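S.K.: Here the protein sequences come in this chain order: A and B.
Residue 230 in full-length UniProt numbering sits at position 230 of the first sequence, with consecutive numbering throughout.
Residue 221 in full-length UniProt numbering sits at position 221 of the second sequence, with consecutive numbering throughout.
The hints are simulated quantities; they were obtained by calculation from the structure and are not laboratory data.
If you're wondering where the values come from, they're calculated on a predicted model, not measured in any experiment.
Careful, some of the hints might be misleading.
Unchecked claim - With a straight-line cut-off of 16 Å between C-alpha atoms, the simulated EDC-like cross-links for lysine to aspartate or glutamate are:
1) B/Lys-44 <-> A/Glu-187
2) A/Lys-207 <-> A/Glu-26
3) A/Lys-202 <-> B/Asp-190
4) A/Lys-202 <-> B/Glu-174
5) A/Lys-207 <-> A/Asp-147
6) B/Lys-10 <-> A/Glu-67
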Amino acid sequence: MKVLVTVKEVAEVGDDFAIEGTEIAESDLEYDLNEWDDYAIEAGVRLAEDGIADEVVALTIGPERSEETIRMALAKGADRAVRVWDDAIADSFLDVDTKVDLLEAVVDEEEPDLVLTGVQAADDAFGATGVALAERIGFEHAAVVNDLELDADAGVANVRRELEGGVEELTEVDVPAVLTVQTGLNEPRYASLRGIRQAQRKEIATKDLADVGLSPDDVEGALTVTSMYEPESESDAEIIEGDADEAAGRLAEVLREKGVEA
Amino acid sequence: MDFDLTDEQKQLREEVRRFADNEIRPIASEHDREESYPYEVVEKAAEMGLIAPHVPVEYGGVGYSAIENAIIIEELFAVDPGIGLCISGAGFGAEAIMEFGTEEQKEEVLPAVTSGESLLGSAISEPQAGSDVTSIATRAEKDGDEWVLNGSKMWITNGTVGDYFVVLCETDPEIEDRYSGYSQILVEADRDGFEAEKITGKMGVRASDTAEVYLDDVRVPEENLVGQRGMGFLQLMQFFDETRTAIAAQGVGIAKGATERALEYAQEREQFDRPISDFQAIKHKLAEMRTNTEAARWLTYCSAWSVDADPDRATALASMAKEFASRIAVEAADEAVQIHGGAGYVDDHDVERLYRDAKITQIYEGTTEIQKNIIARELLGDGIGV
């Protein structure tokens, strides 16, 4: 079985940052592996360690800088990686549909049995790429998966999905499938020192638009960013700390201040 | 000349930093206060491959050079020197086995250490023999096909938690040459007559286990001799360039950790209606701390590089790096407490812990004074001796 894990390098900001036009200033951004994708990588690597997956391929859409991130997936145990990028991609805002165009092209070439993605990306948080990809490539899918047992012989993934309102759904998904992975599915490992060493020699194949059979017109997304601003906070939240006695005392104080009487 | 780390080294630094932030930072104060050994985090570190990463791959290590070791140590010590020492010191003595041990010793000890199954220690100092190593009184006498060890060892890292110790002892007192007649012998902690008593009340690095070790007619097979009989002190001397570079990296880590904490606090703490980082007195402190850390780091990297690339210069460079980085660590921790003001004098903020931890780097693995003697000796071309 071949497992394809999509990973994304996400931009993160601290408390203080500047907005330049419709973007956050580059100097205020730090880049890291998307948290949800870390769980997806771990799931893929464990399938390989359990002898279920023969190969785990990491796939990303991102500029050269994102190789740092994808190499972490290789250090944790992915066998090789594919990175799709093109100057034309850099010029437009990547919406879900465009991402799916790019991912689909690689899926067609790699022919995986299972695609694992994070539920969402920490930066744009569409939360749609995985399921949209499943729809496009005609795979079964399950979203927000927080438990996974794969019966490779039967070709069935037994999954638990985390739904709204604390509801959990147990379901079976026929392979080939796309599963979007929720945090908590597993405990992602640290890349071992040996893994880091080996990762330097693993292949990261880079592909531009021509390589995946697309043209610059194909990646002109339907979405454009029209403005970027920091919402004003209308009220403050207070996190009450301390032991139960202290916390209860402070809570009573706040309630009394707000006019709640026994 | 290139001052950039390789992609692999950058990735290593990033992942070790993540490990230290997630696994060490939350428990550092607790282990410091309780003087307790952090078994769990040392196990996790072993899973990641952080224990004795310089051991060759065939014996369970990663085969890292002194530079990668320095990077790892710096990141661990920036978060917590106490637990950092537990991790970086879990394989103390491994280099003696790697370089001089028999194949059997390597196969028995090294994989057990790198996997975290066993802890190793190096027993050199004695109550009466600190900087003056050749005044040790621990004896090993041959009795049939066994060595019989008698004596006591002081300040032994991992003393009460260790499974194996490489013990320096005198085997041939009749040899008149000052540096010969000593041998390194591998002693298992479960041998009859081996006892260790934990030393409590250390000023800093309190998570790390330190003990006085008593050897009372401890019998080990003659195969436990590490390297050549009578050459123990000279064997030991060969690793000082590496081990002192490692202590320099500890200093760099502490200085970096102190600077990061001071920088964060100075931007948060407001007085006279502005963050104290707006005041020039504080700015200059932060600038000096940062500059000194950077200088210490590159001197340490240079020393680490020379261990493999230019051994003739390594002795002086290692002593310079160790002396300078440990001094910078103490100074940076001092300034970090100063910037925290009253808040830095209590243990709510961990600069107080760094302040206590920093001092040991000027003492162990050759005091500052010994390092200066070595630097001067190399400068004046006096040859061996202190």
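S.K.: Does each hint fit the structure? Answer for all of them.
M.R.: These are the hints, each one checked on the structure:
Among the hinted pairs, B/Lys-44 with A/Glu-187 is consistent with the structure: their alpha-carbon atoms are about 13 Å apart, no more than 16 Å. A threshold of 16 Å between alpha carbons decides the hint, and for A/Lys-207 with A/Glu-26 the separation of about 25 Å lies outside it, so the pair is violated. Restraint check for A/Lys-202 and B/Asp-190: the C-alpha separation of about 44 Å exceeds 16 Å, so the hint is violated. In summary, the hint linking A/Lys-202 to B/Glu-174 is not supported, as the alpha carbons are separated by about 58 Å, beyond the 16 Å threshold.
Taking the CA atoms of A/Lys-207 and A/Asp-147, the gap is about 33 Å. The hint is violated against a cut of 16 Å. Taking the CA atoms of B/Lys-10 and A/Glu-67, the gap is near 12 Å; set against the 16 Å cutoff, the hint holds.
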